[in-house]
Structure formats: C-alpha cells, structure tokens
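Engineer: One letter stands for each residue in the lines below.
There are 2 protein chains.
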Amino acid sequence: MRQVATTGDLHIGNVRPMGGAATSVTVRGGLVAAFGGAAPEGLETVDGGGAILIPGLVEAHTHLDKTLIGMDWYRNEVGPRLIDKIENERAQKRLLGIEPARQSARQALLSVALGSTHIRSHVDVDTEIGLAGIEGVLETRERYRGIVDIEIVAFPQSGMLIRQGTVELMEQALKLGAQVVGGLDPSAIDRDPKGHLDVVFGLAERYGRPVDIHLHETAELGAFSMELIIERTKALGMQGKVTVSHAFCLGMTDQDYVASLIDQLAEARVHILTTAPAFKSAPPVKRLVDAGVVVGAGSDGVRDTWGPYGNADMLERAVFVGLRNNFRRDDEVALALDVCTHGGARMMELEGYGLEPGCKADLVLLEGETLAEAIVSRRKRKFVVKTGRIVARDGEALLKAP
Amino acid sequence: MRQVATTGDLHIGNVRPMGGAATSVTVRGGLVAAFGGAAPEGLETVDGGGAILIPGLVEAHTHLDKTLIGMDWYRNEVGPRLIDKIENERAQKRLLGIEPARQSARQALLSVALGSTHIRSHVDVDTEIGLAGIEGVLETRERYRGIVDIEIVAFPQSGMLIRQGTVELMEQALKLGAQVVGGLDPSAIDRDPKGHLDVVFGLAERYGRPVDIHLHETAELGAFSMELIIERTKALGMQGKVTVSHAFCLGMTDQDYVASLIDQLAEARVHILTTAPAFKSAPPVKRLVDAGVVVGAGSDGVRDTWGPYGNADMLERAVFVGLRNNFRRDDEVALALDVCTHGGARMMELEGYGLEPGCKADLVLLEGETLAEAIVSRRKRKFVVKTGRIVARDGEALLKAP
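Those sequence lines, one after another, are chains F and V. Here the first sequence is numbered in UniProt numbering, starting from 1 and rising by one per residue. Here the second sequence is numbered in UniProt numbering, starting from 1 and rising by one per residue.
For the record, the hints were derived by calculation from the structure and aren't laboratory data. Fair warning: there could be bad hints in the mix.
One copy or two, either will do: identical chains are not told apart, so a pair holds if it fits within one copy or between any two.
To be verified - Only pairs whose alpha carbons sit at most 30 Å apart, straight line, appear in this in silico DSSO-like list of lysine-lysine:
1) Lys175 <-> Lys286
2) Lys194 <-> Lys234
3) Lys234 <-> Lys85
4) Lys194 <-> Lys241
No experiment lies behind these values; they were computed from the predicted model shown.
For reference, chain F alone in the conformation it holds in the complex (with noise of 0.2 Å):
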C-alpha cells in the first residue's frame, strides 16, 4: 500500500484567490498560513501563473463502486424504468467484473485531476455483493489517504427492506467503516416509508452518523417522504447531520408547497444534494441557499450502466448547476460554483474548509480571466494541492490509476 505524507509545506507565487488580486500564499503543515509575501527561505515554490485560487471542489454525491471507467465501452441497452437500471447493474457486476478497488481507485484519481480534494461516494450493498463494494472503497479511501478524502455511504441501491438480509449487510457496512447511513426511495422502492425510514434513522441513531438519502420521488410523493424525513430528523435531534440526495420534489409546480417544504429544511437543517439534473423537475438552488439550506452537487453516477455522460469534473458540475437554474449573472455563476465547494464541505460537515489563514490547504488553480470565465471554461486545472503537497498538474494526477 502506498503510502503519502498527508502535510505539507509549499509556497504559490502569482495566485488570484477567487479570481481577486494577485498575491502569494504559503502552506506550511498542510494549512493555509498567509497569503501575500515573498517565498519563504527553503520551502518549495511555485509559480501560480496568475491563475485563480479556489478551495477544492467537492464531489458531494457519486458512486465510485461501480463506473466502468477504464472498462470496454459498455453498450448501453436498458430499459426506462428505475427498477430496470438497478436490475440491470446487479446482473452487469458480475458479467462485466466491475472490480469495485479497481473502479474507485480510477475515479478518484480521475477526481482528483479535476480539482475535487473530498469526494462522498454511496456505495452498493445488497444480498448478492454483500460488502464487496464497501471493502473495495475502503481499500481506495485508506490508499489515497492524503490525496483525497473519500467518505464512504452505505448505499441500499436494491431496496432494503423489500430485499431480507440487506439491513444487517447495512450495519456490518457501517461497523466495518462506512461512514454515513444510506436510504433510496422508501415508498417507491421500499414500498414502505415509515419502515424505510424507521431503520435508516435506527442506525444513524445507534452508530452516531449522518444519513444521506436518494430521494428520486417527484411531486407529493417526494414532498411526503421529506416531511417523513425532517420529522425524523428534528424527533432525534439531528439537525445539520442529514441529506436529501436529488429531492427533485423540490421542483414541483406547486409553489406553495415547495416554500413550506424549504421552509422546513431550513428549520431543520436538512441539507440537499443535487446533480442539477436538465431532464427531471430538480430542487431552486437560489431559493434553497437564500432560504438558508445547505445545498451540495455531485457528479452521480460517472460512466457507469446507467448511462454515459458522467466524468467526474465538478467545474462542469458547477456550470450544469448554472443552466438548470438558469444563472447568467456573473454573481449567480460564482453561487454555482459556491455549491461545488463550499456547499458540499458544509453539506459533508468538513472541517478547516476554505482558503482564510488556518484552513486546511486543499488548493486548485484555475487559468481564466475572471473567476466565471474559469468555471464557463473548464480548462486543465492547472495545480490541485490537497493538504499541502501537489496531487495533479496540467489536468493529470501524479499518481497513476491501476
């Protein structure tokens, strides 16, 4: 197992932090120390080029157990159900080998070329793979430790009580180092809201930790099973430690509702996770953030037999984030990029996050004229440092992928 000092101590010439004036920073220990200055004596320098300086990305919602990165090409053929897609997967793992220490080791690395320095990855566990998924991640989390954080959901993509045996695989998944409990669907795959939930908060209550919820159920459906959730969440005290994945009830056209529901999570500090998905009605980022919500983004799936389209860069995450909710202002293209950082560090609850002196220095510089002209642009990232040291540089991360 490879192993990487997790501080480090660096010096940046020529750095634009938010796409302000140009200054310097220095690292010293892992952490942001001071910014302007000349290098000091013996520390390892580099030129930042003018390049704009933003706090690393976070890649707040994936699935880094399954992408078929690196893979034959999968053709897809599948059919348009949810249940066909999760149906689907199950059988393609074993056909396809889709060795989950292998698929995660690519794409975290491919993340962190792209500048993510903290990804929060669900991870499969069901009655046919056990805990393969969980212990192929954990093996990916322990040997890139210091290249990026990787926090682990377990993740009952095939239902859990509909399936016997995954509630149990779900807690051995935690006591065996998943770090956040996972829920999908409780009335549409479940079948069963209240027990869904029941268990999902049962163990976050038992193991202490936070939930992390897909919730694709549109319209009341949805708005139901969120109030479940809150209610939850307030009764155990848990505000500021729960999430709603997707919540594409929140684009319902019932505008009443969707202030009571953000009114809600407001109240009950209910964070939302989104992809800014273009085809399905998705949560008002705007209103959620001025409403005081915590929102996130993530990649979701990246190449996987879902479909095709993710690739794990959460500058273009941020500009998806942008069109679906239609931010052209320079100030609302910066909000979006604010989601992909900032709001997935608060949404994942880590700590020293952000680029004032003390922070941790998990670093990336982006060549743009502006900083929206950097985001819209999505070039190489030109360096991503992650506590200190650089990881990647000119779009390729220095470790090498298996």
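Assemble the complex: chain F is given as a structure, and chain V must be docked to it using the hints.
Structural biologist: Chain V only, in chain F's frame:
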C-alpha cells in the same frame, strides 16, 4: 480577402464511419468518391488512425454577430427579464464595440475547429445598428467560403412592429444577402401575433425565402403562436421551409395539446430547432423525430451579453440534447448526434449532405472507442474536412481568427 479553393481531393486511411468497421475514404473534387481501398496514386493522404468518421456538425442556431469571444470578459449584471437582456445588449453593442465582422469571424473559426461545417446564424436587424450586423456577417461568410458555409437569418431581435422602420430594414437585409426571414415572439415581444406573422410570411413569400422564428413563448401562448405559424405555412405552400426555434411550448404539461401540435408540425413539415435548455420546458426530441418532424440543434448565443456558457461545440450540444431528453442508451446518444448533424442539415435543406458516395466531403474525425463514447467524451476533433480540404486539425482551425 483570403481566397480558399472550394473543392479538394483527399484520401483518409483507417477511419470508422459512424463507429463501424475500419475502412478508408477517398474524396474527389470535394465529394465523397468511395469507401475502401488503398490511396490512389498522387492523392494527398492522411492517416485517420482508427478515428470515427461522421459528417460535418451542423450549428443550426447561433448568433455570430454578437459573440464576445476574444474580447475582455463581460461582467454580466443584467436583469432577469427577456426585455432586460434585449435592451442591455443594444446598449452594450455600442459601449463595448462589438464589431460584427470581427466577432463573427472569431466564432466561425471556433466552430470550424470544433467540427461544424455549416452554420445558420440569426443576425440582429434593428433601428439602432441598422444593417451593420448583416454586413459584418456577410463579410465573414464570403471570407471563409470554402471553410464553412454560413447561412444568415435577418433577425428582428428588438421587435419588428414595435420599432418603426424595422420592417424596411428586414427587407433591405434580404436584398443585401440574408437568406432567411427571422421572427421573434409574435405576442410576447411584438404584441401583435397576426401582424407580426403576416409581415414575416409576407417577406418570405415576396422573396421566396425560408422562415426561422424564435419562439420563447411558453405553454398555451406559445402553442397559439405555433398554430398561427403552421396555418400560414400551409396556406402559402411553404411546407419544409419553416423552422420554429426554441419552441419551449412543446414542453408544456398538457400532453394532449403537445400531441396535437406534433401532429400539426409533422403534417405541415414545420421544423423544430432546440438548444436543449436545462432551465426551460423544451421540445421532446424523440417524440418529434418519431412523428417525422425534423429536429435540429444549435448553441444559441456563444459567450455574449445574454450569458456566459455557450462554446460553439456541437458535440457538447449533442450531450446536452441527450441530458435534456434523458437519452442514456447508445442508440439514443446516437440520435442526439443525428439531431446535431442530419437534423440540422435537413432543417437547412443542405444539398449533398452526408457520408454516402456523391455527398459533399464535409467530414469530422472523432477519437473514441465507439460512437457514443466519442460523443460523451468530446475530445479535440482530430480532423475537420470541408469539401475535401482539411480545415482543422487536433482542435485547431488552420486559419487564424482576427
């Protein structure tokens, strides 16, 4: 003015037409002559390196005259309404000095680099700039003849009936060389749907030109305008000559009404142009194509005062068509590309378009494992060929923009 020969002879070895079996293609006199076989004696020969061969991408809706490419970054602080954007743009043209000839040349060559061999550009005609936009894009059209085909739509961006003198300018634009009669939101902008469409179709009839109308009007209002357009198309025998751009109303919730509109469009052979917007209701591409309606796609504005995102990449636009329409299967991804190639070509009535022997040799070579993989990966275009001559290589146009 630079002169470029408009026909070429060329042999490209080792290419895979539409991702199929490897072969070679021979071009004679600017036309596809044959597939297979070794390079004929004396012919310029290039190695396709196993790349995927597709016909030239068709940028079927953009605004060459007002892109800000190559100019200082424009900080967008514009208000949210359509009219805010229209009025701001008219002011900025003067303030920023957006020169139509220079700017259209820059975008045209960017399009060439990205594999577009044909462009339909709407060009503003209004009482402030008069015909300056038309003259500028006409200059670019002539300058790059043989590199890229540009079709000009006289476009009353600021309204036609609400601004006295615009109709006369529209007519002058057609006399000057604009090929298509444009229109814009007959109710929402021009406040007189009958009056607006009578003028648009009147000009089309008098000058024997096709029509392409921007229709942002949503739901029932847009559907009403669309029916007025269809009625005039049939009354004037203009089947196959009329395009409705954007057509957000086809994404309305009333599915019976949508079905009726699709039937009417198919019967009158009225085409639909989509940009596959993520934030608006949008035409359902597959339903339209299945009903026999021609659907093309375009970038719309490329980095202009309306918004920062457009980048003229029609391969990315195919991805957006896919994402917007939830196309996940390989055959669906191929359909998205078909919209960005053959769809636009049929919409613009391009003669001799395609890969068959006898077609014009407008070709793009994409690196990729399969057609779908090449589309979603959006790598630099290996070669772009216009009537048999290489005009771009490895993502760079061979001519430099001003």
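Engineer: At most 30 Å between CA atoms: does that hold for Lys194 and Lys241 within a copy, between copies, both, or neither?
Structural biologist: within (19 Å within a copy, 57 Å between copies)
Engineer: Indicate which option fits the pair Lys175, Lys286 if close means a Cα-Cα distance not exceeding 30 Å: within, between, both or neither.
Structural biologist: neither (38 Å within a copy, 47 Å between copies)
Engineer: Under a CA distance limit of 30 Å, which applies to Lys234 and Lys85: within one copy, between copies, both, or neither?
Structural biologist: This pair counts as neither: shortest intra-copy Cα distance 34 Å, inter-copy 44 Å.
Engineer: Classify it for me, Lys194 with Lys234: is the Cα-Cα distance of at most 30 Å met within a copy, between copies, both or neither?
Structural biologist: within (16 Å within a copy, 57 Å between copies)
The structure does not agree with the numbered hints 1, 3 stated previously, though it agrees with the rest.
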